[in-house]
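On the provided structure of chain A, position chain B as indicated by the hints.
The chain contents come next:
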Amino acid sequence: MNPSPLTAQILEQKRDRRQLLAQLPFPEKVRIVEKLRDAAKRIAASAELQGLRGHSATNKLAKQGPSPNPS
Amino acid sequence: MKATLSEINALREAGIIGQHAIGGAMGATFYLEPISTYDLDIFVIFENPPLILTLTPIYDFLGQRAHLPEGDAIVIHGWPVQFLPAESPLLTEAVRQATAVDFEGVPTRVMTAEHLMAIALQTGRAKDFSRILAFVESWCRRHSEAYRHPGQPRAA
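Residue numbers (the working numbering), protein chains in the order written: chain A, -8 to 62; chain B, 80 to 235.
Chain A extracted, bound-state conformation (with noise of 0.2 Å):
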């Protein structure tokens, strides 16, 4: 079954969107990681504090905190 116009359109937009971050230079890529791990771990630290308790990957990264030196 094909997908309709607007999702085909959706999923372009979505390869698009890839594609272009694919081809920023790896410094730049790694500082995106970089923010998106903090993100996680401020996550993670929100989902502790609300009493979310029970799963140790959000344990573990709650933990850690945000990254004291980013590149």
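Just so you know, the hints here were simulated from the structure itself, not pulled from any lab data.
A few of these clues could be false.
To be verified - Here's a subset of chain A near chain B, in silico, CB distances under 10 Å, partners left out: (1) R6; (2) R9; (3) L11.
In this text, a Cβ means the ideal position worked out from N, Cα and C, and glycines have one as well.
Just chain B, lined up with the frame of chain A:
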């Protein structure tokens, strides 16, 4: 990351490790869109490995430079780094044939896309297959763009 890679190079200069290369998610990030990852995987060849291979010399060297272990990684200038021995023929080949990269003036090495895919296939987790698909999609897209005639509608 620049400072992290410099410290890893210092390990090589001190003779603690042999050739090494970035693999894992950060290696894939070199070729693809940024991939969220917690740590930096460094695959290492030990030129004259002892009978029982240990990472203690690496940890001792880095510990003297105030880099402390955290779980199964060691944090170097904010980046948890996992040192992984290149113990299989595939990993050894991947490290030896890694691409030389300049990261803001610091030389480093990244496994080739083909080796990253082969290692992902061998590891076989769901996220590894997802990464392989991302590589394939990236390759297909590059080739479809290269051969697309002007005026030809883009493939869905």
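Okay, the hints, checked on the actual structure:
1. R6: holds, 7 Å
2. R9: Hint on R9/A: holds, closest Cβ of chain B at ~5 Å, below 10 Å.
3. L11: Holds. Min distance 8 Å.
Violated hints for the displayed structure: none, as all numbered hints are satisfied.
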